[in-house]
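Input sequences plus hints: build the corresponding full structure.
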Amino acid sequence: MITFQRVFKRYPNGREALAEVSFDLASGEMAFLTGHSGAGKSTVLKLIALLERPTRGQVIVNNRNTASVGSGAIPAFRRQVGMVFQDHKLLADRPIYDNVALPLVIAGVTRRELDKRVRAALDQVGLLGKETSFPLELSAGEQQRVGIARAVISKPPVLIADEPTGNLDPDLALEVMNLFKRLNDVGVTVMVATHDVHLIDRFGVRRIHIEHGQLAGFPPDVAA
Amino acid sequence: MITFQRVFKRYPNGREALAEVSFDLASGEMAFLTGHSGAGKSTVLKLIALLERPTRGQVIVNNRNTASVGSGAIPAFRRQVGMVFQDHKLLADRPIYDNVALPLVIAGVTRRELDKRVRAALDQVGLLGKETSFPLELSAGEQQRVGIARAVISKPPVLIADEPTGNLDPDLALEVMNLFKRLNDVGVTVMVATHDVHLIDRFGVRRIHIEHGQLAGFPPDVAA
Amino acid sequence: MSRPNPAKVAYASGRRSPLAALSTWVERHVQSLVSSLGKLVRQPFASALTIGVIGLGLALPACLHLVVVNASAVTAGIEKTVQLSVYLKQPMTAEQARKVRQGIDARDDVLDAQLVTPAEGLKEFEEMSGFGEALKALDDNPLPYAITIRPAPLFDSPEAIESLSDELETLPEVEIVQVDTEWVRRLDAILGALEQVVLLAAGLLGLGVVVIVGNTIRLDINGRREEIEVIKLVGGSNAFVRRPFLYSGTWYGLGGGLLAWILVSAAVGFLAGPIEKVASLYASSFRLQGLDPDGILALVAGGALLGWVGSWVTATYHLRRIEPRA
Amino acid sequence: MSRPNPAKVAYASGRRSPLAALSTWVERHVQSLVSSLGKLVRQPFASALTIGVIGLGLALPACLHLVVVNASAVTAGIEKTVQLSVYLKQPMTAEQARKVRQGIDARDDVLDAQLVTPAEGLKEFEEMSGFGEALKALDDNPLPYAITIRPAPLFDSPEAIESLSDELETLPEVEIVQVDTEWVRRLDAILGALEQVVLLAAGLLGLGVVVIVGNTIRLDINGRREEIEVIKLVGGSNAFVRRPFLYSGTWYGLGGGLLAWILVSAAVGFLAGPIEKVASLYASSFRLQGLDPDGILALVAGGALLGWVGSWVTATYHLRRIEPRA
Ligand SMILES: Nc1ncnc2c1ncn2[C@@H]1O[C@H](COP(=O)(O)OP(=O)(O)OP(=O)(O)O)[C@@H](O)[C@H]1O
Ligand SMILES: Nc1ncnc2c1ncn2[C@@H]1O[C@H](COP(=O)(O)OP(=O)(O)OP(=O)(O)O)[C@@H](O)[C@H]1O
Ligand SMILES: [Mg+2]
Ligand SMILES: [Mg+2]
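Chains as they are written, first to last, in the working numbering: chain W, 1472 to 1695; chain Y, 1472 to 1695; chain B, 4 to 329; chain C, 4 to 329.
Worth flagging that the hints you see were computed from the coordinates, not collected in a lab. These numbers were taken from a predicted model, which means no experiment stands behind them. Note that CB positions come from ideal geometry on N, CA and C, so glycine has one too. One or more of the hints may lead you astray.
Unchecked claim - Distance condition first, Cα-Cα at most 20 angstroms in a straight line; then the derived DMTMM-like pairs of lysine to aspartate or glutamate: (1) B:K42 <-> W:D1594; (2) B:K126 <-> C:E178; (3) B:K42 <-> W:D1564.
What the hints assert, rightly or not - Covered, in the sense of this in silico footprint (three residues per stretch, anywhere, with C-beta under 8 angstroms from a C-beta of chain W), are these stretches of chain Y: (4) 1480 to 1490; (5) 1605 to 1616.
See the structure below:
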């Protein structure tokens, strides 16, 4: 579902974020993406969502080589990839309901179905009843969960998340990871970048570790 | 240095974030602020920085009752309080140098001194050499450290940080906490809101725990 | 990717029928239309500023246009065609004078030539000068034969008239040639120049409206940069992001057009009194002319169109450049 | 708070001398000045849009003003004061005529009254009509005595002149009263109305410039909302945040003023040719008048001032409302 073939990424300012990364994530598989700060985790996810393009090498997502996706086709491509961001990326001037509904509005879903699905998604992240609140009226953890609801509402075959639990307390972090696992169980391919070594240990899923822009073996855990 | 006296906070939307919180943090003391997501940690820090005002009760910072600080005096007041934010709050269209220098520019420091201090602050967080980069060209952890450099550059007597390690890998998180500890050692009053139970255990500093808007005893650790 | 997962197949469901797609499309547009209007109404001050600027920009050429229209109406009441008076030498017989008239009348550049006998001339002079009875006392009519000439339509430019006048003066029977209604021509020249100014101003200000709307939309886009990035991040196309801006721009233009109409009507109402009073002193039945229905339509529809054009150009240009940074 | 910590005392150091503070203040302002200009230059298209709109807004009243100035210059060549011609009844002796003149001259609403004897009248008529030699043949002068009257300055309104004319006509010695130069007055009335339009337009467009700059600054503020929040978050005062916007606004206004000057000059250059050609046909030495140095200064400095005012008002109003949300 997600295949990296000898991907090299240099940013316009000359910084080389990925040296040569190759991996393959099968359809319905789940993986943690780990590595120190600045290792290149977010870069990998940006390449999958076509927020950046590789300098060299191939990135194949959902059977499509991203190199073949022209700029006009990017929106349709992105609708196949659910994303959860470190900084939530919510619309501050729209209520939670509208934020979560956004992908469906873009896809042109009818009002009735939209309403049903928004409620279901908010229920899944435990935020039913907050529809009319605005993002800034929520705590950081609550905002994070709104972002997750938005990422899954259009039922994308691929879901990527960049440190989705960084702002959550341990209980909530566990809950969110369980949510990702449940989605994975119904066939969604999931990739989660995280620092949370304790969570990684708890879930017996595949781990892709990056160090200085290259795949590497796992380091010894730093945990207490 | 920071005193809360029976503080009650209700947000305009009717949500009661703090029920009745009282504590006292002496000058030069350091404390962790903990609690589950939505407990009211950020609300406490917002009250200290006068980003919000208490509905009832007194908040006294740096010997001043915040109730006596008129809106015209808020800027001067805030210059006495260094803040590190969960979402960095950097200026995306200005290089790192300008971001870090901002508090000094506001304070009207001369060019020469400014230059010296910006370099010193960047050095402290290990980002010397990135002066001309823009925030979005940095990884999340690097941005977080830029925010810390900006918070400490004007040498404020009080430093508050809202989950400053949420986006950092464990090594870096430890390093950042050590930086806060060092600042505390030279007399800065430090208050850090965090979820990171492992760090809390490592540092033998005071812990203020909030549960449902009230001070509470510490919960058992969730860690692995 | 390999083995089909039954759960997954159910999960990625949902083709829609063409009819449902159409109804969704209509629904979307109606919603954009209403919500963009709602947004303007919710920021009354800001919208008023933009609409005010556009309204002024549209009102100005409209006002100038009315100035020209009305000034033309004033001068229209006056005989506008230039006329030449040819006074013949004395003494001259009626027969000779008629011949001269025929000669002039035959010219290509003359529409018609009319002979004025001394008797007719005297009568006209009496009426014109107001000397009335005084002249009746004259024993003898001292006036010469005269011929009044209207130049042919294609030869009424000042240059043509000058050469006509010069040529006539060389005739042996002609004493002197006079070109009349000089001041009307002078006024006409001013009006002509003014009309050029109006055209120039209308062009510039039409461009100005596009620019104003474009600028507003550009800054609006800038102000909603984050929102746009987020929408693009979750898969919104350029067209999707642009739609509300097009509606806003059109509303701005429409509002500006309506405001311009109000401004022009107010200006006409404000000036009608004094101007008509002045006119009435000269027994002129002049009435200040306002915008006719066509003009109003042009103003309002033109405003909306310019608004749409301005927002389309700007939104298309600027939205392409906003790419999500994550 | 309790025991003084030596490390801490050293840490929170740094009072500055008044001189250093002043030099920092100057340095800041110069820096804002330059950097705000730099920002405009770095967004050439966007800045050009705003400056273009302001330039148009300023150029228009300036152009209208010039229309009036030049139209006045055209009519200034013509005797402007109204004149009444009073023709006395015949027969009349010179003595009687002089008495009538004295009676009229003594009136409050008459500036002066001049007697025109039949001989003088004939001479004038000859010159005016171009009949020349023809009239020399007259045996007898058929003209009556006439009195030409210039009304007193305060009594030259159309109404006053009408009543003066009416009263004079009731005198037993008066045959008829004629009010001259009607068309000049008509033209003047049009110019007067136009001048009102110019005043109205200048007022509206001055306001328009404030509104345009204000609107631009408002949208600019909106677009930099995040930046403003961050600056306020780290302790920037309203004045600190406002400074760059004031400089931008002033630059916009100044640029607009300069552009308006260019536009007006271009329009004058564009129209001067045709208009002067028309004028030359009538042997008039009329030259199209452009902006004088005072006008240029007013345009440019006025533009800058209006820009400053617009940005000050908007920035003060809007920046207060942006409070950091964290
Ligand atoms: N847009 C960009 N332009 C230039 N350099 C960039 C850009 N984005 C990231 N980088 C650089 O690339 C490197 C990898 O960044 P990336 O964000 O992928 O790291 P990361 O593993 O996600 O780190 P973190 O855990 O701190 O989020 C960093 O050194 C960063 O400075
Ligand atoms: N501006 C606001 N308006 C209304 N309600 C708010 C606002 N900010 C916070 N709240 C509410 O107050 C409660 C406490 O929020 P706060 O941000 O203080 O929690 P927190 O402890 O920082 O949580 P987290 O760990 O998720 O950041 C939450 O339930 C939130 O919904
Ligand atoms: Mg990252
Ligand atoms: Mg918080």
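Hints, one by one, checked against the model:
{"no.": "1", "hint": "B:K42 <-> W:D1594", "verdict": "violated, 30 angstroms"}
{"no.": "2", "hint": "B:K126 <-> C:E178", "verdict": "holds, 18 angstroms"}
{"no.": "3", "hint": "B:K42 <-> W:D1564", "verdict": "holds, 12 angstroms"}
{"no.": "4", "hint": "1480 to 1490", "verdict": "holds (count 3)"}
{"no.": "5", "hint": "1605 to 1616", "verdict": "holds (count 6)"}
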